[in-house]
Amino acid sequence: ALSLREHMTYVILFPAFTAGPIDRAERFVKDDRALPETALLTAPRIALGGGRIALGLFKKFVIADSLALLALNAANAEQATSTFGLWLLLYAYAFRLYFDFSGYTDIALGIGILYGVTLPENFDRPYLKPNLTAFWQSWHITLGNWARFYVFSPFSRWLLTRPLRPSPLLIVLLAQLATMIVIGLWHGFTLTFLLWGIWHALGLFAHKVWTDRTRKWYAGLKDRPRRKQAWTIVGMLLTFHFVLLGWVWFALPDAGLAARTFLRLFGLG
Numbered sequence: 001a002l003s004l005r006e007h008m009t010y011v012i013l014f015p016a017f018t019a020g021p022i023d024r025a026e027r028f029v030k031d032d033r034a035l036p037e038t039a040l041l042t043a044p045r046i047a048l049g050g051g052r053i054a055l056g057l058f059k060k061f062v063i064a065d066s067l068a069l070l071a072l073n074a075a076n077a078e079q080a081t082s083t084f085g086l087w088l089l090l091y092a093y094a095f096r097l098y099f100d101f102s103g104y105t106d107i108a109l110g111i112g113i114l115y116g117v118t119l120p121e122n123f124d125r126p127y128l129k130p131n132l133t134a135f136w137q138s139w140h141i142t143l144g145n146w147a148r149f150y151v152f153s154p155f156s157r158w159l160l161t162r163p164l165r166p167s168p169l170l171i172v173l174l175a176q177l178a179t180m181i182v183i184g185l186w187h188g189f190t191l192t193f194l195l196w197g198i199w200h201a202l203g204l205f206a207h208k209v210w211t212d213r214t215r216k217w218y219a220g221l222k223d224r225p226r227r228k229q230a231w232t233i234v235g236m237l238l239t240f241h242f243v244l245l246g247w248v249w250f251a252l253p254d255a256g257l258a259a260r261t262f263l264r265l266f267g268l269g
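Residue 1 is where the sequence shown starts when you use my numbering, and the numbers rise one by one after that.
In case anyone wonders, no lab produced these hints; they're calculated from the structure.
A couple of the hints might just be wrong.
[Claimed, not checked] Straight-line C-alpha distance at most 25 Å; calculated PhoX-like pairs for lysine-lysine: (1) K208 / K222; (2) K228 / K208; (3) K228 / K216.
Start from the sequences and build out the full structure, keeping to the hints where you can.
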């Protein structure tokens, strides 16, 4: 059991307090209880923690802040005069968001190392993943794990116990909608974050259906490495651009503006 001090330290640990990574209490307390043995700063720990902090500062204040000058926002979304220009703004936003958030995580991890606590990793090259499920296993990893543990799994089990139990496929859809809506609203209680969550829930469901129907076909590609590699690249490009389009709802605070911008990306509206 956690003592009051351990619980309070876990809840308000300053490196991860505002935006994660979200650590499990059991794992955190294991490190916290070892602090008398590990708290002494050594040269390797200073180098490791300081290097991680420096990397995070570079990502956040050099790369992300530079991209912020070009990234999609409410003002330039209205001002963009061409479809090509709008796509450039969206690409800049996607990478600005990644470097900003992963940079913050690097800083938190580095401070944790200096403090004596190993916080969990939160990003693993998410834009290079071949499908949306893999993306969510590598983007804001700790939030995704939390949502699967506390929303997806219990909600799925609850649906399975209903007298009028939905079909397995409908259970997956409803559980994914519930999970991604929670993740969306975690970022802010707005319509655009809600729509962003629904966008990803539908994408995850589509990937589930696609995977179930192509499992045998994809297994047959193991003897055709070039074709498998080609499909992996195609999957990576499709996944990245699906995520990219979802950022429209994430970046713009007004749902009407987001919808118009989304259509303009395809030359409509």
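Evaluation of the provided hints:
Proposed proximity of K208 and K222 is supported: the alpha carbons are some 20 Å apart, at most 25 Å. Only pairs whose Cα atoms come within 25 Å are accepted, and K228 paired with K208 is accepted, the gap being roughly 19 Å. Between K228 and K216, the direct Cα distance comes to roughly 13 Å. Compliance with the 25 Å bound is thereby established for this hinted pair.
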